[in-house]
Structure formats: structure tokens, C-alpha cells
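S.K.: Both chains are sitting in their own frames, so use the hints and assemble them into the complex.
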Amino acid sequence: MPGAGPMTRRLGNPVAFGVLVVAVIAAPFVFSNYRTYQLGFVGLYLVALLGLDILTGFTGQISLGHGAFMGIGAYTTTILVVDHGVRDLWTIPLSGLAAGVIGLAFGIPATRFAGPYLALATFAIPLAFIGLLKRFPHFTGGNVGKSLPQLHAEFGWHTSPSIWFYVVCWVVALVMLPLAFFVVRGRFGRAMRSVRDSEIAATANGVSTAGVKTLAFGISAFYCGVAGALYGIGITYVNPDTFPIDLSILLLVGIVLGGAGSLYGMLFGALFVEFIRISWGPSLLDLFSKVHHVDTHAPGSGLVVYGVVLLVVLYAAPSGAAGLGRFSFGSRTRIIRPRRPPGPPAKGENA
Amino acid sequence: MQTFFQTLTTGLSDGAIYGSLALALVLIYKATEVINFAQGEMAMFTTYIAWALMGHGSTFEWWAFFATLGIAFLGGAALQQTVIRPLERASVLTAVMATIALLVILNGLAAWIWSPQLQFFPSPFPTSSWVIGGVHISKQDVGTFGVVMACVLVLWLFFRFTKLGLAMRAGALNPNAARLMGVRTSWLLALGWGFAAALGAVSGMMVAPTVFLTPNMMQAILIYAFAAAILGGLESPFGAVAGGLTLGVLLNMLGQYVHPVTSELQLPVALGILLAVLLIKPAGLFGRVVVRRV
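Residue numbers (this note's numbering), protein chains in the order written: chain A, 1 to 351; chain B, 1 to 294.
Derived by calculation from the structure, the hints in this document are not laboratory data.
Remember, it's a predicted structure, so these values are computed and weren't measured experimentally.
All the pointers check out, no bait thrown in.
Covered, in the sense of this in silico footprint (three residues per stretch, anywhere, with C-beta under 8 Å from a C-beta of chain A), are these stretches of chain B:
#1 79-87
#2 96-103
#3 210-222
#4 264-278
Far from chain A by the CB rule (all over 12 Å, computed), these chain B residues:
#5 G57
#6 W63
#7 I71
#8 P124
#9 I137
#10 S138
#11 V142
#12 L153
#13 V154
#14 F159
#15 F238
#16 V249
Ideal Cβ positions, reconstructed from N, Cα and C, are used throughout, including at glycine.
With the rest of the complex left out, here is chain B (with noise of 0.2 Å):
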């Protein structure tokens, strides 16, 4: 049992992380219609500013936490309006390669400016853990989701409450109409860029501690990005937390339950999940079901 309830809890810190960065993913796909394959590789390179910021990774300092989500939101505001807006006009695909031929960009920058080398990032929180009833939980793992979380809710509190939210949700919804009603759509994307990059740095400096920051350390984070995306439908962002930390505490548990399936078969696992829900409830879980008119 005590077992169970540690395989729980890293299972949601996990999750927690491929939430984050599946919301983010979702975000820019509700807004655009495009996925945007670059959101692992901004993450990780918002984490390589972090440790650099941070004295390369001797202590984490929280000014270097928020000055990063300062920098990643910058970034990301910037990224769409020089490389993603010029091909507002051409078909989703070209906009879907622009997003690819940005993740080859910025994993070979990381690579040239930092080097390929395995680097130490600090984590926020101890190493220890409380024990309560016998069952260890990791101080690291609460804060993770903790974070992440708190995260998620800002972000919620302002597309429910602000103005500007509900601009940016109009525009998603329905750009001409939004277009029509004084709304400036473009910027308000670079804004959701933006949002999506700063999500994607919180994501990256929460899982870097334990991955170790690597240019390519993002790449498996963004495939359980992607089967938490689908899992909880693809234009749900409610959807998008709740999959990844389903997919989270089920690898976790598979991994601890199921012999076979050792660290290297979770991705193997993670795919199998995404064409399962593909083949089987393709709309997610909490997903509409998408009429096409003609």
C-alpha cells in the first residue's frame, strides 16, 4: 500500500509536467489549428536560459524562475510574429513545417551555444521527503505539482476573468467575428504564444532536475505531451491537465506493477495509448466530436 500511494504521487508529479506542457500544446492548437512541434524544444531552451541565469545551475533562485517566464513569454510573443505570422496565409501544414523546422533550430542553438553535455539543474525543493503513515512523499514531488498547478490555475483565472481572455477566446472561437468586433487577432496569437512558451518553460524547469538539461530532454516530455493532448481531447485544455496526469500515474504504475514494462518501454507504452484513444474514442476524453461541413 505504502507502495501504491508513492507510485501515486510521483505518477501526479509526472503528470503534472506532461499537463503543463500538453496545455500548452493545446492552447496554440485551439487558437491556430496548429500543433505546434516546437513546444518541447522552446521549453528546453527557456531551461537552458534559467541555468544560465542561475550561475549554470549552482543554487535555483526563484527571480531566475519568473525572469525566465518573462523571457520564455517575450520569446515566444517574438517567435510568432516572425516566423509563425508571415504564413498566417499559407495552409495549416507549411505552418505545421515552420513549427518542425523551428524544433531542428533550436535543438541544434542549445546544442552549439551550450554544448550537447549532460548539465545539473538545481531543483526548488529538498530532497527529503514527509512520511505520513508509513508512506514516504517526496518534497520534490509535491512541489512539482504544486507549481505546475498554481501554474495552470493563473492561467485559467485570467482566460475566465480578464478581458483580454475573453478577447483571446474569442478569437479562437471565431477570428472574423472576433476580427469584425475591434479584436486584433494577430497580436492576441503572439499573446498565446507567448502563454504557451512561458507553460513549456514552467514544465521544463520542473522536470529538468530529474531528467538532467540536455537539448534533446524535451523530446520524450513532448510525446507524453501529445498522448495526454489526445487522451483528454485535443481542443480541451481542462481535457489536456486532467490526460497528462492520468498518462502520468498510468506509466508510473505500469512501471511498477507490470514487470515487463521497464523505463524503456514507456514510450513504447505512451504510443500505444495515443493510437488506442486514436482507434477508440478519437475525440478524447473530454473532447467534442468534430462535425465536418462542407
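Next comes chain A alone, as it looks inside the complex (with noise of 0.2 Å):
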């Protein structure tokens, strides 16, 4: 694009980002209160899919423990707010530093290695992160939790608590995108996509793989500590089964959705995210249900759609999806329809 510095092309496409900016701006005003409350969630998972993506679209590294640092992020908003008296909107950067933090601290062990073991290792940290909360009532509530105080719109505005909480959102989101362009376009985010494609040749060139695979963990945890903080202002009461193992896995569902590798395919992710469990799903399933006479409103019925979605989508898209680490380099068309037939095995290759 002619005019535009290369600053502005490492923050993203200007012209898509307005597109964003105008629909933002206009959605309170099309949809209804309880509408825009749910898209204030879309927000804040966009956010929470956007350092994921960071982690496993363009670095490779799949994370099945991401929900956890969301938690992290719930949690110190709201011991911030509860017991320290902290203003909600302070706590947001903080809770990602936070969060941040411990995934950098997290990522040293676990990123040194190549192969399965980040997604084993991070697999236990939900589950983990539950013990904890439940091993320190004191300082976490327990098995209680905490309630954070009723959300109300600040800066002399007077507007109801759902659209306040939407633009919060939305504004932190609209925020956190251009960043996101900023970390992937630059030379750590070339360093990024060497590790993804080929380690070995990344070593070669002087990449520190560990040192990337680090940092992208602690960028990550960073981004679904801030979405943490705002899902913890959104629904005003944390607790230890606010964040349990299935929100991870969902947020992994989302970047496979949204196309690993394309950090605006994370809106798609997060409207996935955010209305598989309320809408989408249970409308797929009295389709389903008109057909074969089963209860379609059980618990668990919303886990088996999801997954049979995930499912669907590999399938899809056998090269696509290959990958994580090649379905990669954008768009989504090539998730679902790949261009060329699936080569031959590479399983004797990469030995």
C-alpha cells in the first residue's frame, strides 16, 4: 500500500480494522442489551484466541491449559478489587501481567523440548490450578469463590452495565489486535513461524527455539490473562469451576475454527466460542433431535457437539488442518478446502 509506513503494515491491515471498528461501533445500536452483553464475551475471547494463536498458529506449540491462565487473570481482578480496593479497570493490565508472568515462569521448563510435551505438560495445568485455588481458601475464597461488586459504567456515562461492559471489552480487544500484528509481523515473529516449520532449520539460523517458544507462552498467557480479567469484571463472581478444563480445550476448538495462523479468523473463533454453548449448539441439536427422539437438553449433549464439530473440521481439511502448523499461513478457504491432495506420509521424514 502506497503511503503507509512500514509501521503501519506491521500493525495490521487499516482498511480491515476500520471495517472492525465501524461494526463495534454499531452493534449496541442493532442488537438487544442481553445481545451486546454476549458480545462483550466475543470480545474478550477474541482476545484470550489471539494470544493462543500467537502460541499455537504461529509458533506451533499446541496449549491445553490456556483456560487456566484465564483463571489467573479472574482472580487477581478480583483479590485487586475485593481486598484491595483496586478500580476494576486498573486490574485489567495487571492481571495480565500476572498471568504473564507465571506462563513465562511456566514456559522455561516446558518449552525446552520438542514433540508432545508442552500439550502433556499443559494439560495438567486446569486441573492443577483448581487444587491450588481449593488449597488456599484464604487468599482465593475457596471452594466459594468471590464476588466482585455489580459492573456500572464509569466516566460520568450513564448506560446500562451491559453495554458498558461491552465496550470495556471491546476497547481493550480493538486494542490488543494491532499488538498482536505488531509481535507476529516483526523479527520475533519470523522467529516464531522458523520455529513452527522447522526447528532444526531454526537452530540453524541462530534461533533460540527454547527462548521463542518461552516468550510466545508468556505473550499468550499475557493476552488470556487480560481476557481472564474481563471475563472476572463480566460475570462479577469467580470460583474454582469458573475456569475448568473444558474452556481450555474450547479455546483450542476456537483457534482450529478460526484458522490457526490468521489473527483475524479469531473473531470467527470467538463467536464459536462464545454461542457454540448457548445457541448453536442446542439449535444443532433439536435438528438432530426431530430426527431421533433423544433429550437433547441433558448435560454433555454440548461437549459431544463440539467435539464432533472439531472433528469435522480435521477431516475437512487433512492437510489444512495439518498442522497447526502448516494450516497456518491464513486463510481460512484453506482450512476448508485444500488446494492440493494430501501428500505422501511423512511419518519416516521427520524421524
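M.R.: So, in C-alpha cells, the structure goes:
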């Protein structure tokens, strides 16, 4: 684009961003109050997915524990607001930092090795996190959890809590999106992609793979911490059941659906994460129940739906989804329809 | 001293369960380089089947135990053929994602079919204990340890002394060469998944009497199994069992003798052990150091 400096390009396509900003401003005028509140959650899930995408889509590392980093963010916000009287808006960056630092510390041992070890280690985080919450009840509120004060608009603005929540979430999301572009477009972004595509080649070119993976892990934890702070503010209540392992898995499903390695794709992923549980999943099931007489509102049915959706996406795009590593470079169409038939098995080659 | 031996036996019994699930993970990992994240949920699901066969858990029936092993074997093989096999050509990461999808689906299905309520699962062993020199040794612990170790032994004999076992080892070691020698590797992988599912079923049925039957009952056990597999070396079947026993004893000893480690802290401790092993000796206690070729 002529006229746009390198700095502008590093922050993403300004036209796409402009369209998004207009859509975000228009939404509260179009949708009901409740729908707007839900769209606020879409904004915070967007932040979480952007972070996870930096780790999974751009660096090629699977994490099954990022729901717990949202939990760390939400708990940091709650404890700061309730026990230390900090204003809720100020806690958002602080919660991000708390989660980011813990993420970095965790990433140092966990990301030193290639292969499945990171996914293995991160799988334990959500359950370990819940155990820690219950072990130190005087600090975290234990099983009961903690309540935040009711949300209310600030800066002398009189509007409903739902609209205010929406505004806060999307202001944060619209700051974090260009920031994500900034992260993935520069020298560090190239290093991340080289780690994803070939750790050996990256090492040979002087990239510290462990360092890049650890830093990517820390950044993604920061994003999830920010999202978690918003989540806590939005639901005004946290307890150990707020951040189950399902949430971590759902985030990963959102990445795959949105198209790992595409930042704008995460918008689609965030819509999915928010609406699959409340409306899309149940309506799919209702369709199904017209054919077979099953109780579609039974517990567990929602999980089955998004598990099946994930499988369908994986099949519809064997070479696309391949990879979380290689389906990467962007567009969602590539995931839906691979350009080439899948190549020969690569098992012998990557020994 | 009595407490010590009682803790030791409980630890060995817990450890046997972790070890058998870890062994199931290692079996699949060795053959396909895929970590099966659904391993725990497969075990949970088959345990529900056993519970249904036993008349919703009124009394333990050995026929139901063995029937469940058969069902688990067939189910595991079927899952490999229908879900995992079509992704053979895709990358390892895609296959891992597919196992995560399976995890979600099985967890949801179990809650859907049998409700997420806590269920009682009967134990095949009496709740009494033997007293040897003042030490109470629970029959349940000894029985669990015995059943799991017997299954592991049978599996080892199969791999060591049968032609099919040899073919499976060959397929895992070098799939291309094995295929050239006329080994039908795809079916062998299904067989491997079958064995892993049956082993998982054993661990599920043995652990269910103590943790009670719920759709989430294996999540923590799976993490202990991960930690055990990494402790023993992800490529070593012997290491998986040894790692499981070590972890079981270690966690029970910590819970008994180190006051701040309550039951809530067992999982964080297991995670800590897992990270420490990765940091200090990533190949595990019995694994080989893998050298990557370009």
C-alpha cells in the first residue's frame, strides 16, 4: 500500500481494522441489551484466542491449559478489587502481567523440548490450578469463590452495565489486535514461524527455539490473563468451577475453527466459542432430535456437539488442519478446502 | 513404621493404576508418535459399560470385567480405524487434535447417557485387611496391584513371545520396513489401540471403587499417568510401569509425611515432578536420548 509506512503495515491492514471498528461501534445500536452483553464476551474471547494463536498458530505449540491463565487473570482482578480496593479497570493490565509472568515461568521448563511434551504438561495446568485454589482458601475464597461488585459505567457516563461491559471488552480487544499484528510481523514473528516450520532449520539459523517458545508462551498467557480479567468483571463472580478444563479445550477448538495463524480468523473462533454453548449447539441438537428422539438438553450434549464439530473440521481439511503448523498462513478457505491432495505420509522423513 | 508400610502398599496400588494407564499411553506413542489424550476418557467410558453390565453397580462380576475388556479392545480398535486412520497422512499434530476431540466427545457422551451424577462402583475385593506384624495391608490394595500387574505381564508375554507381538514391535520400530516385509501395519495399529483401550479399562475398573464413577473421574488419573510416562521415559513400556509405581508411592508418602501437601496439592505436585523431569532428565529414567537427524 503506497503511503503506508512500515510501522503501519506492522499493525495490520488499516482497512480491515477500520471495518471492524465500525462494526463494533454499530453493534450495540442493532442488537438487544442481552445480545450486546454476549458480544462483550466475544470481544474477550477474541483477546484470549489472539494470544493462543500467537502460541499455536504462529509458533506451532499446542497448549491445553490456557483456560487456567484466564483463571489467573480473573482471580487477580477479583482479589485486587475485593481485598485491595483497586479500581477494576486498572486491574486489567495487572492481571495480564500476572498471568504473563506465571506463563513465562512455566514455559521455561515446558518449552525446552520439541514434540508432544508441551501439550502434555499444559494439560495438567487447569486441574493443578483448581487444586491450588482449593488449597489456599483464605486467599482465593476456596470452593465458595469470591464475588466482585456489580459492574457500573464510569467517567460520568450513564449507560447500562451490559453496554459498559461491551465497551470495555471491545476497547481492550481493539488495542490487543494491532498489538498481536505487531508481535507476529516483526523479527520475533519470523523467529516464531521458523520454529513452527522447522525447529532444526531455526536453530541452524541462530534462532533460540527454547527462548522463542518460552516468550510466545508468556505473551499468550498475558493475552489470556487480560481476557480473564474481563471475564471476571463480566460475570462478577469467580470460583474454582469457573475455569474448567473444558474452557481450555474450547479455546483450542476456537483456534482450529478460526484458522490458526490467521489473526482476523480469531473473530470467527471467538463467535464460535461464545455461541456454541448457548445457542448454536442447542439448535444443532434440536435439528438432530427431530430425527431421533433424544433428550437434547441433557448434560454433556453440548460437549458432544463441539467435539464432533472439531472432528469434522479436522477431516474436511487433512492437509489444512495439518499442522496447526502448516495450515497457518492465513486464510480460512485453505482449511476448508486444501489446494492439493495430501502428500505421501511423512512419517519416515521427520525421524 | 506401620504407617510407613501401609502408605507403601497404598502407594503401590495407586501406582499400579497410574502405571497401567501410562503403559497404554506409551503403547500408542511408540507405535504412532501420537499422545492419546482420550486415553483417560476411553477408560472412563468402558468403566461405565462395566457398571451397566454389573446391573448398575450392585455387585462386582468377573464375567462383566472380562466382557468389558473385550468391548474395550474392540472399541479401541474401531476408534483407530474410523477416527485416527483417516488422519494417517496428516501431521502428528492433527492426530493429537483428533484425540482431543475424542476426549470431549466421550466425556460428553458419558454424561449424556449415564448422567454426570456420582455413581458407586463395586470392588471385586473385600474391604477387610490382613494384619502382618501389626501392619494393616488392605486386600483391596493387594488385589488391585495383582490384577494390574497380571495384565501387564500378559501383555509383555504377548509382545515378547508371539509372532503377532513381534510384528507389532517391528511396525512400531520401522513402519516402512515392516510394511515391505508383509506386515499389515494399519491393522496392527488398530490392535495396538485395542490393547491400550483394554489396559485403560483395567485401570478404570480398578480405580472406580475408590474415586467413584463420574465422567471426569479419569482426568486427574490421566495426568498422573502422563507424569508417570514422562518419569519413566515416554518410549519405555517398562519405564511407564516403574514410573507409575514410583509416582504412586511418592505422592502417598508426601501426603503422609509432609504436612502442607494435602490431597488438593497432589496434582500440582505431580505437575511439578513432570516439569522437573523435563528440566533435569528429559528422556526419563529409562528412556533413550533421541538424536535428531536433519
